[in-house]
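Chains A and B, in that order, give the protein sequences. Positions 1 to 372 (our numbering) are the ones given, in order, by the first sequence. Positions 1 to 372 (our numbering) are the ones given, in order, by the second sequence.
Hints in this document: simulated from the structure, not taken from any laboratory. None of the values given here were measured: they were computed from a predicted structure. Fair warning: there could be bad hints in the mix.
Same chains, same label: a pair holds when it works inside one copy or across any pair of copies.
Here are the simulated DSS-like cross-link-like pairs (lysine-lysine), alpha carbons at most 25 Å apart as the crow flies [unchecked claim]: (1) Lys158 / Lys147; (2) Lys279 / Lys69; (3) Lys240 / Lys279; (4) Lys323 / Lys72; (5) Lys72 / Lys211; (6) Lys208 / Lys158.
Number of protein chains: 2
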Amino acid sequence: MAKEMKVTPWEVSGHIDYEKLVKSFGTQHVTPQLLRRIEKAAGELHFMLRRKIFFSHRDMDWILDKAEKGEKFVLYTGRGPSGDTHIGHIMPWIFCKWLQDKFDTELYFQLTDDEKFLHSDLSLEETNRLAYENALDVIALGFDPEKTFLFVDTDYGKTMYKIAVQVAKHVTFSTAKAVFGFENSTNIGMAFYPAMQAATAFLPSVLKGKKIPVLIPAAIDQDPYWRVTRDVAEKLGYYKPAAIHNTFLPGLQGPDSKMSASKPDSAIFTTDNPRDARKKIMKAFSGGAGTLAEHRKHGGNPDVDTSYQYLYNVFEEDDEKIKEIRNAYKSGAMSAGEIKEILAKKVERFLKEHQERRERAKHRIDRFMLKD
Amino acid sequence: MAKEMKVTPWEVSGHIDYEKLVKSFGTQHVTPQLLRRIEKAAGELHFMLRRKIFFSHRDMDWILDKAEKGEKFVLYTGRGPSGDTHIGHIMPWIFCKWLQDKFDTELYFQLTDDEKFLHSDLSLEETNRLAYENALDVIALGFDPEKTFLFVDTDYGKTMYKIAVQVAKHVTFSTAKAVFGFENSTNIGMAFYPAMQAATAFLPSVLKGKKIPVLIPAAIDQDPYWRVTRDVAEKLGYYKPAAIHNTFLPGLQGPDSKMSASKPDSAIFTTDNPRDARKKIMKAFSGGAGTLAEHRKHGGNPDVDTSYQYLYNVFEEDDEKIKEIRNAYKSGAMSAGEIKEILAKKVERFLKEHQERRERAKHRIDRFMLKD
């Protein structure tokens, strides 16, 4: 029997039933009609939309209403700096970059060193250091420095705390217990933290002195924060933020495996040596049949194959090409080794280029950071 | 039957049994031996010590150990800006001024606009405004601008939040429930707030980059904060702060009455027109007998007389004079009107001078404020 699904901002485990998440979280499906509207507004559809990697949303249609009227919206996403950045983390960031390009929008990017300090054995010094490391990965993706604002919670604490206390006044510990599963043994920093994450949805309005629509692209596990944020938004005189949710990239050990900074072989990190990344891919869980002869006869299963999943979710944007790979792998014409080779080449090239951009980002980081 | 005593940082009501508080809070009495040590170190004893207005402490003897070895300690006190400053508020500040003069110590003064916003119907804008109003009263008392550091929580939020999350990681909601009486219906801002108040005890060490002994003079209702602060101090590498606790000044309506910004007649505020303050005193609860003839015969009761209490606690420092007043009032030689007149004159003079200094403080406030 599959392990029971658990999806919270701090733990994702078991087999993920996305249909069930849409129902239990009370979000909306990304429908063909919605996709047509996005396509019309953007001029094209990002592959993560075409493939329903962004599968669920809250009020995305309202964001499009605003966009169609020529009203600006902004993007908000973030990262909990508990370790190095891996490929799963950058999925919503890649999507944000596309949204920024297509809709000429600002991005507010929160690095939650406070949260990761409060919810781990790491020191605040360490999560703060990791926040700036992770920021380099964001910048390396090519965001516009004029329209992209990154901040680290504790280094933007004056601005953030002031907004967060206003959120916090409207959120009881009961609510936080119900939404996040907090217990009496939860530390009071974690109890407060949802207010800090909610605060970012209101930050653009505070900085600009007027109500700004906000769209939050992020993995579905973050949705509990947006529920709380949306509950308090109008009480504070802001719009409810919209959200669009992506699925999770599986770990390298297979469909229900987890990527973890503490297990280097579970994920490809943006700082991996490209040759090491290749080795990880070669060892990764495969959907191929046991022997090459069997594989040629019965074919492989792309739906559980790590390499196929990484190509589908991140590294092969071209729908025709991914279809060809799928068919060839399924039929047995493409071996497990061959599909791994395709991914390895793409990952090696990505890492090489990303790491060069990441190195250059070290000299440009100040242009992106908001600080008190 | 007297109303049951309640002493929390947010509510003080009923008849206060200070002996019981020392036991239930687990603090130490200010003993004659301790007073002798303070007198030796300071060269004299402040009247609030001679009269046991500062009646209880934690580790005051350890502060004296440090002082005797020539090691510097600093002072920490504060104010929750929920309204104008009244005479009860300034009692520990007057004592701090004496300590600063005698021990050449720095004072860190926290203005908790976040707390008062989170625990009232006031807006953050309003509690922030009141914080700067209250700051003028602190400055007007004559503190050394080179050694006195005031800050408003939300305007020093970057520095404070960074320390507070480190405190918060070690305080569970269970602990906060037990110490402060929080409930599940408590908002998550209040749940976190004790970490902000604890943080100030570590601020001097953070700013100076070394462990600094801290003494906190404050009314006894604030002691729950210091219990939590002391519990986490050593885990974070700081000294446990010492504390010295004062009794409460009664409201103008009598011994168990409360001073409240929402009831102007309940207290003398530092911003009261001196003539209005005189009128309040004339209407205040008296310990005198019903008629003047009865008073002359039976005498008055200074222990419940508001005017006597205000003289004893704040306005008549001279032990000989206060003894004379007590005896004359008790014997009936001094009438209720006469004792009120003594107080009214002193209060009028204090307010006039304080308000002049308070006006001048408006031009000097920047020299005192810590901001991010």
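Cross-check of the supplied hints:
no.: 1; hint: Lys158 / Lys147; in the structure: both (22 Å within a copy, 24 Å between copies)
no.: 2; hint: Lys279 / Lys69; in the structure: neither (50 Å within a copy, 63 Å between copies)
no.: 3; hint: Lys240 / Lys279; in the structure: neither (45 Å within a copy, 52 Å between copies)
no.: 4; hint: Lys323 / Lys72; in the structure: neither (36 Å within a copy, 74 Å between copies)
no.: 5; hint: Lys72 / Lys211; in the structure: within (11 Å within a copy, 50 Å between copies)
no.: 6; hint: Lys208 / Lys158; in the structure: both (17 Å within a copy, 21 Å between copies)
Taken one by one, the earlier hints fail for this structure at numbers 2, 3 and 4, listed in ascending order.
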